[in-house]
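Chemist: Starting from the known structure of chain A, arrange chains B, C, D and E with the ligands on it as the hints suggest.
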Amino acid sequence: MKKTPSILLWILPVVSGVLFVTLWYAVRSGSGLQSWILPTPGEIIDAAWREHTRLLRAAGNTMVGALAGFLLAGTLGFATALLLGVSRSLRAGLYPWLLVLQMTPVIVLTPIIVLWAGPGLPGIITVTWLISFFPIVANMTQGLVSTDMNHVALFRMANASRLQEMLLLRVPSAMPYYLAGLRIAATLAPIGAIFGEYMVGNSAGGSGGLGFLVYSYNTQIKIPALFATALTSCLLGFIFVAAVSLLNWAVLHKWHDSYERDDH
Amino acid sequence: MKKTPSILLWILPVVSGVLFVTLWYAVRSGSGLQSWILPTPGEIIDAAWREHTRLLRAAGNTMVGALAGFLLAGTLGFATALLLGVSRSLRAGLYPWLLVLQMTPVIVLTPIIVLWAGPGLPGIITVTWLISFFPIVANMTQGLVSTDMNHVALFRMANASRLQEMLLLRVPSAMPYYLAGLRIAATLAPIGAIFGEYMVGNSAGGSGGLGFLVYSYNTQIKIPALFATALTSCLLGFIFVAAVSLLNWAVLHKWHDSYERDDH
Amino acid sequence: SKQTAEPTTTAGPVKIKFQTDWYPQPEHGGYYQALAKGYYAEEGLDVEILPGGPNAQVMTSVAVGRADLGMTDGDDVIVAIARGVPLKMVGAEMQRNPQGILFHTEHPVKSLKDLQGRTLMAGAGSTWIEVLRKKVGVEFNLLPLVGDLARFMNNTEFVQQCFVTHEPFFARQRGANVGTILIASDTYEPYRVMFTSREFLAKHPDVVGKFIRASVRGWVDYVTGDPAPANKLLAAKDDTMTPEFMAYSIKAMNDYQLVSGDPAKGEFAGQLTAARLEKQIKLLQEVGVLDKPVAVEDVATLEFIPQHKGSRDQTN
Amino acid sequence: MPLMVATASIVQFDAVRKRYGDGPLVLEGINLAVAPGDFITLIGPSGCGKSTVLKLVSGLNPASEGGLTVLGTTPKQARDRQAFIFQDATLLPWHTAEGNTELPLRLRGVTAAERKAKAREMLALVGLDKVSGYYPRQLSGGMKMRVSIARALTLAPELLLLDEPFGALDEMTRNRLNEELLTIRERSRFTAMFVTHSVSEAVFLSNRILVMAANPGRIHAEVKVEFPYPRRADLRATPAFQARVNEVSRLLHQVELPIHA
Amino acid sequence: MPLMVATASIVQFDAVRKRYGDGPLVLEGINLAVAPGDFITLIGPSGCGKSTVLKLVSGLNPASEGGLTVLGTTPKQARDRQAFIFQDATLLPWHTAEGNTELPLRLRGVTAAERKAKAREMLALVGLDKVSGYYPRQLSGGMKMRVSIARALTLAPELLLLDEPFGALDEMTRNRLNEELLTIRERSRFTAMFVTHSVSEAVFLSNRILVMAANPGRIHAEVKVEFPYPRRADLRATPAFQARVNEVSRLLHQVELPIHA
Ligand SMILES: Nc1ncnc2c1ncn2[C@@H]1O[C@H](COP(=O)(O)OP(=O)(O)OP(=O)(O)O)[C@@H](O)[C@H]1O
Ligand SMILES: Nc1ncnc2c1ncn2[C@@H]1O[C@H](COP(=O)(O)OP(=O)(O)OP(=O)(O)O)[C@@H](O)[C@H]1O
Ligand SMILES: [Mg+2]
Ligand SMILES: [Mg+2]
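Line by line, the protein sequences are chains A, B, C, D and E.
Under this note's numbering, the first residue of the first sequence is numbered 1, with each subsequent residue one higher.
Under this note's numbering, the first residue of the second sequence is numbered 265, with each subsequent residue one higher.
Under this note's numbering, the first residue of the third sequence is numbered 529, with each subsequent residue one higher.
Under this note's numbering, the first residue of the fourth sequence is numbered 845, with each subsequent residue one higher.
Under this note's numbering, the first residue of the fifth sequence is numbered 1106, with each subsequent residue one higher.
The following block holds chain A by itself, in its conformation from the complex:
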């Protein structure tokens, strides 16, 4: 990868943003689409401003569920992958059931989730977790089994325990995989929470989140406001993605080839 002056890295998203918005307006006027199908960016920002108190409160509520679900997925995903990484037998025995968990449509589990976790926040967290859990497990597991066999030989020779091999060797070398999984989960957390609000949410005590707004704006055909809600959800997502990118940098920049600049 050629070295890019770092100012470009700030300018380019802006340039592509301008292009994107222009394209948007072009599509709107060119295709004869109307505001109730595809509002213009201006209309969306208008709506966001008009609804900003509601949006902010809802975003706050959704953030709680998304964050908790994300953290749960990040930690449980890590732990589960460790378990799967420990032995081929555990992998053979557990992986199929994880797949079943991942592949069962959430709607089927909704009543059970509500019953066991409770409606509202606990249920929302559970749904968010369910949705963002598997990408982490799948990636981290692949990372754990991809360890350089020469390094494994080193640990074997040092008579390292299974646990030491896992924690001091396989886990660090799986970090790029784990972080890629975490990045996927970061994008899934806010939409997972919104979906969770749909499925098991509850409006008690003003705890309605973006999911409620999506639903109401949709029923009430407040399309610009609906897009403003989507925008808000994207902004939440960006917070998660930014956090993961920061973590990625902190963990990898000193030693991993993805941060290697060929020119010093």
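A portion of the hints provided could be inaccurate.
[Unchecked claim] Among chain B residues calculated to face chain E with C-beta under 10 Å, some are:
hint: 1; residue: Asp412
hint: 2; residue: Leu418
hint: 3; residue: Phe419
hint: 4; residue: Met421
hint: 5; residue: Ala424
hint: 6; residue: Asp521
[What the hints assert, rightly or not] Simulated pairs of lysine to any residue, SDA-like, Cα-Cα distance not exceeding 20 Å:
hint: 7; chain 1: E; residue 1: Lys1221; chain 2: E; residue 2: Gly1204
hint: 8; chain 1: D; residue 1: Lys920; chain 2: B; residue 2: Glu524
hint: 9; chain 1: E; residue 1: Lys1181; chain 2: B; residue 2: Ser425
hint: 10; chain 1: D; residue 1: Lys920; chain 2: A; residue 2: His151
hint: 11; chain 1: A; residue 1: Lys254; chain 2: B; residue 2: Asn414
hint: 12; chain 1: D; residue 1: Lys974; chain 2: E; residue 2: Gly1204
Please keep in mind that the hints were generated in silico from the structure rather than gathered at the bench.
Owing to the predicted nature of the structure, the values given are computational and were not obtained by experimental measurement.
C-beta: ideal position from N, C-alpha, C; glycine also.
Modeler: What follows is chains B, C, D and E with the ligands alone, placed relative to chain A:
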């Protein structure tokens, strides 16, 4: 990883399956849950048998959408990651918009999808694609930037073009990442299609898929049949996962450390 | 946007598409009856009924010309038109929306006021929820409607939104003692309506008129005559639909006078009145669903409403 | 071939054969008894199976046929009393030179302070005290190998396996580390199995040199080097030393010629 | 230091300094002119900057200060006329020995048949024709390095950079490959910059030997080796050869002593 006799790899899922089913029955009887929250495995299999023509037909319909969406995600995800991998500038300009695409709740896009792709199958494929696309892009991109810098130096010295470096070096070395992404997408494809049937599907011309059955069993409170539908969706998913595992083996077993047996 | 209807000068029936808001079900029975009994054909129409689903996008479909006419809840159409979607109501399918509250008789809901303080599963953002909160003055805890009845079945205190023509049958079939109460009341009287796009209306008023006439005829026949022809079509589309259920559904439509309306108030099948629409628009404004007023002429045209006598004559 | 009493051997090969998977035979009929205190060097053409012999002793790969005991037990069970310097440096990229050096101590649960002290001592021995905070990607090829040597020496193994540890080093550093190795051996009395391509290094370090032949790998001849330990640097200048070097070189010629013929 | 006319030089360093990032100075004031046909060897202690010099010439790393031209242009632009044998074998794990060998030809768009023939020829030259279908993980350390040599030789570069290519090989193979290298050079007349730790290898191959010192890396002395090419194996046995070896060794002693003092 210690070598496990391969017979164990077949027996263990069975053992864990038996444990799982036992646990299931224990939960059912211990918690006083009723059939319409959590049917027993027996009831589910009963229902699956009773409804098998309907399930099979629906599964066939869903499979079409899931497969097409999956293949689209697999190829477009690959291509997009190539584009992102080519330069840091492209990455900086495009990645944010990909994130926006991924993080916008599908319901907001539904009218546009219906309008541009059309309702029914085209819309279902679009939704499935939307859902399984990003994990592939995120993983493959991480893989493309994780290439060993010594190998990159080799290509630079051979005066390889940007394209050659991408296709002959970065792509092969990113394969473990790509395949992990594909595995995540494999689990997402059937539930994505079911979700798509919900969002943009219709049952025209007997094309109702599993999503339609989920809905109708749900309103008709045929909970065992509902779980049988979920089971069917899992089985579809297993077909995808198995296909990806096979691909994984074919691509990696000759050279990648994840297939290295330390004992010959 | 393209229209599928051809000028009627040529011989042969006019092909049109009609978009329903859900999977084929008895709540669409009138259209299927009209189809099965040839009422559309008699009018020179070749109607294709497009099934919907949970996110059917009925109004969008009609507005962009993917379908020529459609049906859905009346106040949704009012709101859409107020927001600039170029549609117009052309007739009523039901005089009252079958939307109701499903409860266990152990914890009954005798009037809507009984919902005070309870937990209700319903579609967030629905107009009637705002009406209940702001006009009837009841406060309740809202759970989003997913479409499952499992939670309802598991908890006798649970109440949930339903179609009085639909869910109670299945809940009773599973042994629950349930009752229903219609949401529509004197305060809030939503229609279920047929609508089309302004463009289609302007180009083919004759087709619209014929469609309404045949559909209302089909509806009256479906709920008062022998529903077998429509039911056969429905069962072919969705084989989970049993005869018992369809019979129940039709009975509920009659019990609640959904299609025919209350003759004592001068209501009849297909009717839309300016007064009721006016009242509805005002209500929507009062509860804040509509932020600006809209004229009745803009949301509906009454020129296709069949005369009461006429519709009765047709069923004879 | 010398055959000692099995119980007294540190390493005992009995008719060991090795093939990887269903590939060709890599080692054929290896018989070898390593006595306590032996410094055995394996020398022979590239690909003749030297690394494979060490991997069998370490238990990283199993023998296909024949008997093999290490420190009176199986190779794997003897692991906590062995150390292995691999042919590649095999450093963990996420640890600094120091972190890599102290790794085996860390795996044994040695306290942070103690292992830090030991790691610094060993890094100083290989001349890398100034770059202890460098990550592997910042080190030169020879520096990496020296970290790997320092790492193995932090342990006090009974049996040390060394696979071309000094191949990437300049002659001076190499000679100095040869001498250091023998000094350490005076103190901790380990037995060594050593692979090198340098005949003079082999003669300087070992009491026994096994010349291996390839296709399939086998022991062609053994040369005893009876110079008493401790050996001093000036040994290299003696005619007796040169004679041994010539003898080994002559044996190497015998095994190498056929390959490239 | 010899200073030739810049236009005639294959490689020209003018007061080049190099540091990695904000690390310490690694190379200081390097002045060097490599003439067409030169076979220049860099020799010096581990970590003195030999690999760094080659990386600067290859353009893989930029010089921090000073002027550097390669084949009359910038290092990067001269790349299609250079080949680099890295200190590590750097084989692609997903290609066989043959696949790795033919890679540079493939990158140049040579047809499959042609590059296969060339790869086989080069693998035979390094004695690996029998294992051309092996994947890197199935090869021994020396075999990997030989594949990497074969790979570089498939091209006919004007400038060949070799970073300890023969370090992992036994003496016989090493000598033989030394001789092969000179034979190939007779044919294709490349200029070479070579890194080794073996003084006799340096003397046998080069016409100029640069002895480098470390901390910071610099050229300590240059030794000219005037034996005419083609050189034959028996050159090694001549007293003149030994004299050069001794001279270089003596210079090495000068630069090495301070480091480990
Ligand atoms: N993992 C493996 N799978 C298959 N064959 C292997 C494997 N490792 C080594 N071999 C083969 O075994 C033979 C001996 O290899 P080994 O590494 O022991 O050689 P060596 O004597 O150490 O050579 P060198 O001096 O080049 O390091 C070689 O022919 C090699 O191809
Ligand atoms: N990428 C890098 N980042 C920082 N420092 C580096 C980097 N590469 C090399 N160095 C430093 O530059 C110096 C010279 O390294 P170089 O690899 O050129 O040495 P060398 O002469 O080739 O040594 P050897 O004989 O051990 O291979 C060393 O001190 C090393 O730590
Ligand atoms: Mg070896
Ligand atoms: Mg070097």
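Chemist: It remains to establish, for every hint, whether it holds in the given structure.
Modeler: Against the structure, the hints come out as follows:
1. Asp412: This interface hint holds because 8 Å falls under the 10 Å limit.
2. Leu418: Status holds, d = 5 Å.
3. Phe419: 7 Å, holds
4. Met421: 5 Å, holds
5. Ala424: 5 Å, holds
6. Asp521: The hint holds - Asp521(B) has a Cβ within 10 Å of chain E, the shortest such distance being about 8 Å.
7. Lys1221(E) <-> Gly1204(E): 9 Å, holds
8. Lys920(D) <-> Glu524(B): Between Lys920(D) and Glu524(B) the Cα gap is close to 19 Å, so the pair holds against 20 Å.
9. Lys1181(E) <-> Ser425(B): It holds: about 13 Å lies between the C-alpha atoms, which stays within 20 Å.
10. Lys920(D) <-> His151(A): It holds: about 17 Å lies between the C-alpha atoms, which stays within 20 Å.
11. Lys254(A) <-> Asn414(B): The given pair, whose Cα atoms are some 17 Å apart, holds under the 20 Å limit.
12. Lys974(D) <-> Gly1204(E): 41 Å, violated
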